[in-house]
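Undergrad: Below are the chains, spelled out letter by letter.
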Amino acid sequence: MSGNKLQFSRRKFLKTAAGGTALAAGALHAPFIIAQPAKLKIGLMLPYTGTFAALGNAITNAFKLYVAEKGGKLGGRELEYVVLDDESDPAKAVDNAARLVNRDKVDVLVGTVHSGVQMGMVKVSRETNVLSIIPNAGAGAATGQLCAPNIFRSSFTNWQTIHPLGKVMMEKGHKTAAWISWKYAAGEEMFQSFKEGYEKVGGKIVKELWLPFPNVEFQALLTEIAAAKPSATACFFAGGGAVKFVKDYDAAGLKKSIPLYGNGFLTDGTLQAQGASAQGLFTTLHYADSLEFPKDKEFRLNYAKTYKLQPDVYAVQGYDAAQMLAIGLEAVKGDVKAQKGIVAAIEKATINSPRGRFTISKAHNPVMDIYLRQVSGEQNKFVGVAWKALADPARGCKMG
Amino acid sequence: MERQPLALRIVLAAGLVALAAFPFVGEKFYVQFVTKVMIWAIFAVSLDLLVGYTGLVSLGHALSYGLAAYTLMLLTPQYEAAGFWTSLGASLGVAALAALVVGLLVLRTSGIYFIMVTLAFGQMAYYYVHDSDRLGGSDGKYIYVRPALEIAGWKPFDLDQFTHFYYVALALLAGVYFALRVLLASPFGRVIVGIKENEHRMRMLGFATFRYKLVCFVLAGVLAGLAGWLAAAHDGLVNPEMLSWHQSGQLLMMVILGGMGTPSGPILGAAALKVLELLFQSWTKHWQLLLGGFIVLAVLLIPRGLAQLFEWKRRG
Amino acid sequence: MDTAIFLIQVLNGIQYGLLLFLVASGLTLIFGIMGIINLAHGSFYMIGAYLAFSLTRLIGDFWLALAAGVVVAVAIGLLLEWLVMRFLYQRDHLYQVLLTYGLILIFEEARSLVWGDDVHGVAVPGALAHSIPLTENLSYQVYRLAMSGICLAIALGMYWLIQKTRLGMTIRAGSVNREMVQSLGINIGLLYRLVFALGVALAALAGMLASPVSSVFPGMGNQVLIISFVVVVIGGIGSVKGALVAALLIGLADTFGKVLVPQIAGMVVYLLMAAILLWRPQGIFGRG
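Chains as they are written, first to last, in our numbering: chain A, 32 to 431; chain B, 13 to 328; chain C, 447 to 734.
What the hints contain is simulated information worked out from the structure, not anything from laboratory work.
C-beta: ideal position from N, C-alpha, C; glycine also.
It cannot be assumed that every hint is accurate.
Subject to a maximum C-alpha distance of 16 Å in a straight line, what follows is the list of computed EDC-like cross-link-like pairs (lysine to aspartate or glutamate) [what the hints assert, rightly or not]: (1) A:Lys206 - A:Glu227; (2) A:Lys123 - B:Glu253; (3) B:Lys297 - A:Glu227; (4) B:Lys153 - B:Asp143; (5) B:Lys40 - A:Glu227.
A short list of chain A residues far from chain C (calculated; beta carbon distances all over 10 Å) [what the hints assert, rightly or not]: (6) Thr80; (7) Arg157; (8) Lys206; (9) Val247; (10) Thr254; (11) Glu255; (12) Ala257; (13) Lys260; (14) Val274; (15) Lys275; (16) Lys278; (17) Asp279; (18) Arg331; (19) Ile358; (20) Lys393; (21) Arg426.
All chains should be modelled from the sequences, with the hints used to inform the complete structure.
TA: Right, dumping it as structure tokens:
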């Protein structure tokens, strides 16, 4: 390029850059004008990319389904959604949550799926006191050591869903087990809970295997499981990772020789992709595909009609998050600033969920039945109740 | 001191005034955003010392940054504040030590191999932190209260207030900038620049180039540690990603984009990249496309970085 | 660890290493022959995997899809070289790093626009979907063996190409002295374009082959990228033989690292690289 040409493009570039910066500066500095005061701003911070993308979508779909069932209004107010993809990245969690609360000024913060990301959101929730509902992440601390009046959960704690598994495995005659999962907050909490429950009934964990999240190269570790020769394998995986693990486990011939167990995330929302590899697997979870509750039948019909997909446990949790919010808002006639009233209303409520009725513990977590399910076709069929009205121990929570 | 083009000096002075005045008009989110940009600027300046002046391209600079951040986390009790000077001193000390150890090992190599070995050490630190339980693993750990400074009962500033933090960061950035300009104009600085141009010649002239490079490497590490301490204190979160090659890579982008080997280049680069990121994010979900496009165009059209744009009058 | 399990882990390590070789060989050629540091190499791996996903669904047969995918990858490589890469040859390494980093962002977003953000699976081709029992409770998927076989065949093919053909000779000459080759009347621009396209095709093919076992997901190129660079640097820049040795070394180190020292498994590969570079900075088979 000749010198003149270079100079010309530089001048042009500088002018455009100056103009652009001025525009940007103007846009950034302009005071944030909130449109109509009547619309309630819901911040949806969920994963829409990566291994948990399907979960984020299911939660969003069901949340909006409930709102639609209520005629588009909760507590008499219309809703406006601010959607943010958290990419299941704990490093950006605080930034993302702070952006929703400080810049976008959401009235309610709904999210998320990944436990590590959740802890960032909890930090922001506690600092800003924004009303928050957790539609999935099971990090115990959110309704444990870091519990707060403005934080509720419509899903589960990691401890709750897997605690009954040890008892189930023992009853089926498996006296030794191997454990495998991702090494992050959720995986470790699952392990502690499983270990507690399994060892209490006399079980022995002969091998503990971990891989970094969200790694899905299982080959070397599957070989290790075979080498350890346990009676069964217990695991925790979810989303895309669960699909791959079940298939790989089967392809390595382990499904026949060393039965696989896990909590329900292993087989929820993943059965179509897993196909034959998942058939017959037993899992424990607070939801199943063939429950007889009228509310569940109605929910499944509506969800399938609206989204042309079968709902899963994530959808149920999203639906219940909206339900809990509605209960709170109705009690204060839509005045989201009257937080004490909202909190009191939700705490006292019995939620009529597709999973069955549940209440809220003092730490703001659901107290509910955990079911035993078995995969049959493309469904997790209800087999029995693994544990009735299980409450998370909420260790370290100072509320109530 | 080498005279910078008048246009640039005017812009920088205006920038400083604007920055000082900003917290009075900006709202919390944006004040905190600019604070973060300033922290990145300090980080970028530290890398420029290596890349632009000494000619050492490091892809593992985030190592010092991240280790300093984790030091602050370890020194902060669960729900209380760490001491301002003690934690800062410890963080800078750890950063310096890490840079010293790594520098002694890697400065024997050069060119592409230097890049790769620095990358290796950066990644080693990343995986060490990522895989360790005590340090919070892949989820990282939180710092619930910011470091506090108290001199005989008087608190000159409270870092938990976002405006105070802003001014502390601004003061540190200005301090680093001016200190570096003085350093680079000194005989030490001349040697460093000479090493970048032709190390062999410098050695022939009798300079112990390895020692100069090592001092530079450690100094850059200390400044990166300062940025790391500030980042951890500001965000209240330490995470292995702070040590990843992505972090080092993004930093390198800022330095190159802004203009290497110029005192203000890295500051411009940091500001440009972060502001563009924020702007593009608010336009579309696919903002990375715009950012990537901008970077590609910038490389092709303004090879010497944004600081080059201010030289147009001189070339006239 | 008993012998059977040990041997199976060695098999796992070699299988992973051979796949790494496929990706890294493209990188070492581009780097060694053309002198370009291409950070977007991982993106080609990702594009290969997504192509496998789409083309298998479109065409129905995995192997035909693979062939079609290679053709598409070569086309992409030629286009990219002509549009962007050829401006980088004389430029500083730093600018190559910066520009190719920008390319990563562009490719990631393009992927998001074209294919969306979900995780996808590619079915293992029917004929190879069954498993061979190796011990009483462990079987090995035949497809993984086939994959390793293909990588090995390609390694041999590359050896033949580079050592035994005129094109290979020209490539080797061009890497040592570009001007000389040009003055001998050989079209160096065309040569570079071909080499670049070859590099892209190799990475894409690796992605395609791996897709049934690794799944297809956003960001899959990033992990592969950094490891490929490690392979290239350990093996020696520009040396395909070095890339093979280094890739196998890393495959085994990574596998046994996960099994024997899981607490520092992630660090093992980098410790290896640091050790080798400090002993022999130019890599195992690198020149001077």
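Undergrad: Any Cβ of chain C at or closer than 10 Å to A:Arg426, or is the non-interface label fine?
TA: Holds, since 26 Å exceeds 10 Å.
Undergrad: The output says A:Lys260 does not contact chain C. Does that hold with a beta carbon cutoff of 10 Å?
TA: 7 Å, violated
Undergrad: Would you assess whether A:Asp279, listed as outside the interface, keeps its beta-carbon beyond 10 Å of every beta-carbon in chain C?
TA: 8 Å, violated
Undergrad: Minimum C-beta separation from A:Ile358 to chain C exceeding 10 Å: can you confirm that?
TA: The claim stands: A:Ile358 keeps its Cβ more than 10 Å from every Cβ of chain C (closest is about 33 Å).
Undergrad: A cut-off of 10 Å on Cβ-Cβ distance, and A:Ala257 was said to be off the interface with chain C. Does that hold?
TA: 4 Å, violated
Undergrad: Please settle this one: A:Val274 was flagged as non-interface, so is its CB more than 10 Å from every CB on chain C?
TA: 7 Å, violated
Undergrad: With a cut-off of 16 Å on the C-alpha distance, tell me whether A:Lys123 and B:Glu253 pass.
TA: 10 Å, holds
Undergrad: Since A:Glu255 was said not to touch the interface, does its Cβ keep a gap of more than 10 Å from each Cβ of chain C?
TA: 6 Å, violated
Undergrad: Does the no-contact call for A:Arg331 survive, Cβ to all of chain C over 10 Å?
TA: 22 Å, holds
Undergrad: Just checking, A:Thr254 versus chain C, shortest CB gap more than 10 Å?
TA: 5 Å, violated
Undergrad: Check whether the Cα positions of B:Lys40 and A:Glu227 lie no farther apart than 16 Å.
TA: 45 Å, violated
Undergrad: Decide, holds or violated, for the assertion that all CB atoms of chain C are farther than 10 Å from the CB of A:Val247.
TA: About 6 Å separates A:Val247 from the closest Cβ of chain C, which leaves it inside 10 Å; violated.
Checked against the numbered hints given earlier, this structure breaks hints 3, 5, 6, 9, 10, 11, 12, 13, 14, 15, 16, 17; the rest are met.
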